[in-house]
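Colleague: Sequence:
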Amino acid sequence: NSDRAADAWFGALLESEGDSFLGPISEEHKQRLLQKVELVDEPVIAYGEEEWTPYVVRRLPTSPLYPAYGLETYGLPVPRRGAEAWRQFDVNGLIAMDYSGRPEGVGTDKELSEKEVEDAVASLKSKGAWLDDDSCDGR
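Taken in order, the sequence shown gives residues 1 to 139; the numbers are from the working numbering.
No lab work stands behind these hints: they were computed from the structure. Some clues are possibly wrong.
Said to hold, decoys possible - Derived DSBU-like pairs: lysine-lysine, alpha-carbon spacing no greater than 35 Å straight-line:
1. K110 <-> K127
2. K125 <-> K110
3. K115 <-> K125
4. K115 <-> K127
5. K110 <-> K30
Using the sequences plus the hints, can you model the full thing?
Modeller: Rendered as structure tokens:
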């Protein structure tokens, strides 16, 4: 039950309304995330090769090959309550929060009035965090 809720939560993060403001780059990465992990056996390394070790775990030929825990649905591990990596986290609390909303104005510049600009610059100058264009060599 918790795993299905985590999959639905992660799916809601990936499936937002409308096009992404990041453009085709985000769409390309989204497709990569939605692509399931390819299930392949680890290659057999011959004795004498640099990577050879006697400590390998091989599955029996009749045993099914399963994806890693959390990779059953997406190409990126989904938080699982019983998984070792997420053991110290409140996974149920994490997936109970809906982060899939898209705030209005995301990806656009904030419009400031002249008064707001003057107040911000004055505040930065008073705290020593503002450099005038003439006194800054990095610009």
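Colleague: If a hint holds in the structure, say so; if it doesn't, say that too.
Modeller: Hints, one by one, checked against the model:
1. Distance hint between K110 and K127 is fulfilled; the C-alpha atoms sit about 23 Å from each other, no more than 35 Å.
2. Straight-line distance between C-alpha atoms of K125 and K110 comes to about 21 Å, which keeps the hinted pair within the 35 Å bound.
3. This hinted pair checks out: K115 and K125 have alpha carbons roughly 15 Å apart, not beyond 35 Å.
4. A hinted pair counts as satisfied when its Cα atoms are at most 35 Å apart, and K115 with K127 qualifies at roughly 19 Å.
5. Note on K110 and K30: the hinted pairing holds, with a Cα-Cα distance of about 27 Å set against a maximum of 35 Å.
Hint violations for this structure: none, all hints satisfied.
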